[in-house]
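Kindly generate the complete structure, drawing on both the sequences and the hints.
Protein sequence lines correspond, in order, to chains S and H. Numbering-wise, this note's numbering puts 11 at position 11 of the first sequence, and it's gapless, one number per residue. Numbering-wise, this note's numbering puts 35 at position 35 of the second sequence, and it's gapless, one number per residue.
Hints should not be assumed to be uniformly reliable.
[Claimed, not checked] DSS-like mimics (lysine-lysine), calculated; alpha carbons at most 27 Å apart, straight line:
1) S:K109 / S:K68
2) H:K57 / S:K68
3) S:K109 / S:K97
4) H:K13 / H:K57
5) S:K54 / S:K97
6) S:K97 / H:K57
[What the hints assert, rightly or not] Derived contacts from chain H toward chain S, CB cut-off under 7 Å, selection only:
7) F99
8) P107
9) G108
It is worth saying that the hints were derived from the structure and are not from the lab. Every value quoted in this text rests on a predicted model; they were computed, and no experiment measured them. We put the CB at the ideal spot given by N, CA and C, even for glycine.
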Amino acid sequence: KNEVEQSPQNLTAQEGEFITINCSYSVGISALHWLQQHPGGGIVSLFMLSSGKKKHGRLIATINIQEKHSSLHITASHPRDSAVYICAVVLQAAGNKLTFGGGTRVLVKP
Amino acid sequence: KAGVTQTPRYLIKTRGQQVTLSCSPISGHRSVSWYQQTPGQGLQFLFEYFSETQRNKGNFPGRFSGRQFSNSRSEMNVSTLELGDSALYLCASSLTSGFYNEQFFGPGTRLTVL
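Pasting the structure below:
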């Protein structure tokens, strides 16, 4: 079983819809990152969380350390949000290695 | 401020050869980490360097190695290339070690092993 699981694997939404991507992990972590990867490979860091909630523009990220779960929400989705969203956790037991989820491919249709 | 740069952007090698990839971090960043991305395995952590010292290493064979110079630039080397080493290799830089800061990724080097 992977230490980091993301759901769904693929998601299609209409422009303007609210999108939620989930990330669950099975071991103790010290931080969690949400990343965005556009076609062509470039990766952009969206959030780094160790507790609570962060908001940047139309993006909101939350984390519940006790439940070992994080969510990334996209409000008022736009075609330019089409990308792969990747959750990455900093594993405490592994000496702070970064371990990645499999990614969620999001397509927002106009 | 210039972003993270990686050279070369594309590379074609044959089995058995070795390859060296370069990563220049954002000015002032002292941590550089390396990642391999393949369609089958996704993103995997290779290693992290901070102040010229390897701080962390992923589960890759010893054919994968790296180093960091005093100006924080980093190189990774893969010896005795195998077909399975074909991948996008990404580096990222950040201010400090340990992944508690925002990671800034480079555009990647796409390596094809024939």
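Hint numbers the structure violates, sorted upward? 1, 3
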